[in-house]
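S.K.: This is what each chain is made of:
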Amino acid sequence: MGRRLRRAAADYAYIAPALGVLLFVIGYPICDTIYLSFFATPPNLAMSQKVFVGFGNYTRILGSDAFLSATWNTFLWTFFSTGISFVLGFGAALALNREFVGRGLLRGVLLVPYVISAVAAAYVWRWLYHSDFGVIGALSVALRITDKPLIFLDDVNTVLPSLIVVNIWKEFPFAMIMVLAGLQTVPDQLLRAARVDGAGPWHAFWHVTFSHLRGVSTITVLLLVVTSINSFTIPWIMTGGGPAGASHIWITAIYEMAFGRLRFGAAAAYSVILFLILMCLGYFYVRALTGAGNKRSAAE
Amino acid sequence: MKVGRIDGWRVGGWAFLTLLLLFAVLPMAWMLLTSVKTQFAAAQYPPEWWPHHPTLQNYTRLLSPSSDVGQEFLTYMLNSLWVSSATTVIGVIIAVPAAYAFSRFRFPGRETLFYAVLLRNMFPGVVFLIPLFIMMRTLRLVNTEWSLILTYLTFGLPLSIWLLKGFYDNIPPQLEQAARIDGASRFQAFIRVVMPLSSPGIIATAIYSFVQAWNEYIYALTFLTGKEKLTLPVGLQQFFTEYATDWPGLMAAAFIMSVPVVTMFLILQRYFVRALAEGAVKS
Numbered sequence: 051m052g053r054r055l056r057r058a059a060a061d062y063a064y065i066a067p068a069l070g071v072l073l074f075v076i077g078y079p080i081c082d083t084i085y086l087s088f089f090a091t092p093p094n095l096a097m098s099q100k101v102f103v104g105f106g107n108y109t110r111i112l113g114s115d116a117f118l119s120a121t122w123n124t125f126l127w128t129f130f131s132t133g134i135s136f137v138l139g140f141g142a143a144l145a146l147n148r149e150f151v152g153r154g155l156l157r158g159v160l161l162v163p164y165v166i167s168a169v170a171a172a173y174v175w176r177w178l179y180h181s182d183f184g185v186i187g188a189l190s191v192a193l194r195i196t197d198k199p200l201i202f203l204d205d206v207n208t209v210l211p212s213l214i215v216v217n218i219w220k221e222f223p224f225a226m227i228m229v230l231a232g233l234q235t236v237p238d239q240l241l242r243a244a245r246v247d248g249a250g251p252w253h254a255f256w257h258v259t260f261s262h263l264r265g266v267s268t269i270t271v272l273l274l275v276v277t278s279i280n281s282f283t284i285p286w287i288m289t290g291g292g293p294a295g296a297s298h299i300w301i302t303a304i305y306e307m308a309f310g311r312l313r314f315g316a317a318a319a320y321s322v323i324l325f326l327i328l329m330c331l332g333y334f335y336v337r338a339l340t341g342a343g344n345k346r347s348a349a350e
Numbered sequence: 015m016k017v018g019r020i021d022g023w024r025v026g027g028w029a030f031l032t033l034l035l036l037f038a039v040l041p042m043a044w045m046l047l048t049s050v051k052t053q054f055a056a057a058q059y060p061p062e063w064w065p066h067h068p069t070l071q072n073y074t075r076l077l078s079p080s081s082d083v084g085q086e087f088l089t090y091m092l093n094s095l096w097v098s099s100a101t102t103v104i105g106v107i108i109a110v111p112a113a114y115a116f117s118r119f120r121f122p123g124r125e126t127l128f129y130a131v132l133l134r135n136m137f138p139g140v141v142f143l144i145p146l147f148i149m150m151r152t153l154r155l156v157n158t159e160w161s162l163i164l165t166y167l168t169f170g171l172p173l174s175i176w177l178l179k180g181f182y183d184n185i186p187p188q189l190e191q192a193a194r195i196d197g198a199s200r201f202q203a204f205i206r207v208v209m210p211l212s213s214p215g216i217i218a219t220a221i222y223s224f225v226q227a228w229n230e231y232i233y234a235l236t237f238l239t240g241k242e243k244l245t246l247p248v249g250l251q252q253f254f255t256e257y258a259t260d261w262p263g264l265m266a267a268a269f270i271m272s273v274p275v276v277t278m279f280l281i282l283q284r285y286f287v288r289a290l291a292e293g294a295v296k297s
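If you read the sequences in order, they're chains A and B.
Counting with the numbering used here, you get residues 51 to 350 for the letters of the first sequence.
Counting with the numbering used here, you get residues 15 to 297 for the letters of the second sequence.
Check each hint, because a few of them may be wrong.
What the hints assert, rightly or not - Pairs of lysine to any residue, SDA-like flavour, derived with a Cα cap of 20 angstroms:
| # | chain 1 | residue 1 | chain 2 | residue 2 |
| --- | --- | --- | --- | --- |
| 1 | A | Lys198 | B | Pro60 |
| 2 | A | Lys100 | B | Met149 |
| 3 | A | Lys198 | A | Asp182 |
Hints in this document: simulated from the structure, not taken from any laboratory.
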């Protein structure tokens with residue numbers, strides 16, 4: 051018994067540094083956020099002058115119209131970004147999953163939007179969408195799709211779809227590599243066996259390839275959802291939540307509350323709400339991961 | 015009949031790939047085309063589809079230490095380089111033993127710990143931003159590189175451990191056992207046998223955390239206040255507020271900033287895709 055414990059202690063030594071950093075920069079902030087969320091903090095950030103308000107911050111946020119509209123925006127933003135990114139990435143992975151000249155190069159080029167910094171991407175797209183000199187507006191006139199340049203970022207009705215396009219541009223390559231990686235685990239023998247048994251290409255795809263990709267797909271979609279909910283750089287640099295708050299999602303609303311209006315207590319409460327929502331998603335994430343593992347070991 | 019159907023799929027696949035390629039590439043192509051225009055040429059309607067008088071002046075201005083703009087830009091770049099390198103090196107030193115432990119040892123609490131590590135990926139920077147900002151203020155680290163290095167370490171660690179664990183899972187334990195039988199201690203076996211075999215994984219992981227740190231925006235935006243400390247992403251924003259109409263200059267800066275990360279990824283994408291395949295897919 052004592053020996054086992056000593057063995058375990060030696061094992062813990064390997065993860066102790068990682069654990070230390072994680073506790074310091076994750077454990078403490080979570081507790082502190084929850085604690086702060088029950089206080090009204092003064093705008094000069096002198097934390098000693100904060101006032102206990104119980105659930106006041108929570109009730110005020112949950113009852114506000116701004117929260118409702120940010121929630122709806124976050125839903126649209128996440129739903130469309132994830133759905134379209136996943137479909138595009140999945141299609142690209144299937145199309146890339148055979149040998150042809152230049153395959154590696156093509157895959158590399160398609161990965162570039164995912165790799166370049168979100169700040170650079172945000173400015174590039176701001177320039178593409180520019181109301182006076184934007185190339186997309188000019189192109190739509192030149193090709194006679196519209197008679198005058200479209201307004202993208204300065205109109206409350208078009209701003210969110212315009213941002214979603216940028217997010218899709220940035221995220222579809224991630225879905226692509228995940229699915230590509232998953233395709234590499236599909237055993238060739240199974241596909242061949244299916245063909246021998248008389249399955250057409252569509253049947254072979256559906257019953258062998260697709261069912262093999264179910265685990266990867268679940269994880270990819272969940273990760274895309276989480277990335278979209280958490281994305282800050284693109285909406286913040288491109289619109290800062292505007293015009294007139296029309297493109298605020300949860301994250302930008304929290305940032306604005308904390309560092310724009312310096313209401314740390316209220317922003318902390320907002321963060322805790324977001325945190326709880328993500329915890330639910332995290333539960334599914336872990337279940338998807340372990341579920342995939344169990345199925346595989348059962349099959350073996 | 016059957017052949018015709020396969021061809022249909024093929025043609026459809028090519029058409030789809032072409033459209034997707036245009037969608038991915040055209041924005042970047044326009045960034046490059048704009049970056050070789052003068053400010054005057056960029057502010058035209060309808061736009062100059064192809065620059066009439068291409069110029070490299072935007073690039074030379076940004077990269078020459080003698081001009082004011084160049085001096086600023088090069089400072090941002092050096093800051094980014096320092097923060098990203100420090101994050102990467104420290105991160106790898108911490109992640110390697112942790113990933114090894116998660117892959118090899120069966121200790122109490124291993125499962126929960128591992129999911130705790132994974133869950134970090136789920137939480138938005140903003141949840142941590144407020145308390146970390148207060149903490150950095152208390153520690154007097156606001157407006158220092160260390161505030162960022164410390165924070166980026168926690169971004170990088172979970173995924174680094176995750177990716178590396180996949181690599182260690184694939185190295186047969188028999189190799190270490192053989193070394194142990196030959197008289198090596200567990201630690202020696204780890205250093206001499208496992209480490210060299212896992213170097214592709216370590217490279218992929220290091221690149222990943224470097225790129226994350228290089229591109230990070232929200233913490234840099236919040237923690238850095240002095241102009242001389244800014245990293246490139248916030249520096250770019252600073253640049254935009256100062257020279258609001260200089261779109262060609264901004265596009266050139268965005269391009270320069272993207273070059274290192276894109277090159278690294280293109281050269282090492284094989285490692286990266288493999289790391290993802292082994293870490294994330296096989297779980």
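S.K.: If a hint holds in the structure, say so; if it doesn't, say that too.
M.R.: Hint check:
For the suggested pair Lys198(A) and Pro60(B), the alpha carbons sit about 11 angstroms apart, so the restraint of at most 20 angstroms is met. Under the criterion of a C-alpha separation no larger than 20 angstroms, the hint pairing Lys100(A) with Met149(B) is consistent with the structure, at around 16 angstroms. Simply put, Lys198(A) and Asp182(A) have alpha-carbon atoms about 11 angstroms apart, close enough for the 20 angstroms limit, and the pair holds.
Checked against the numbered hints listed earlier, the structure breaks none of them; every hint is satisfied.
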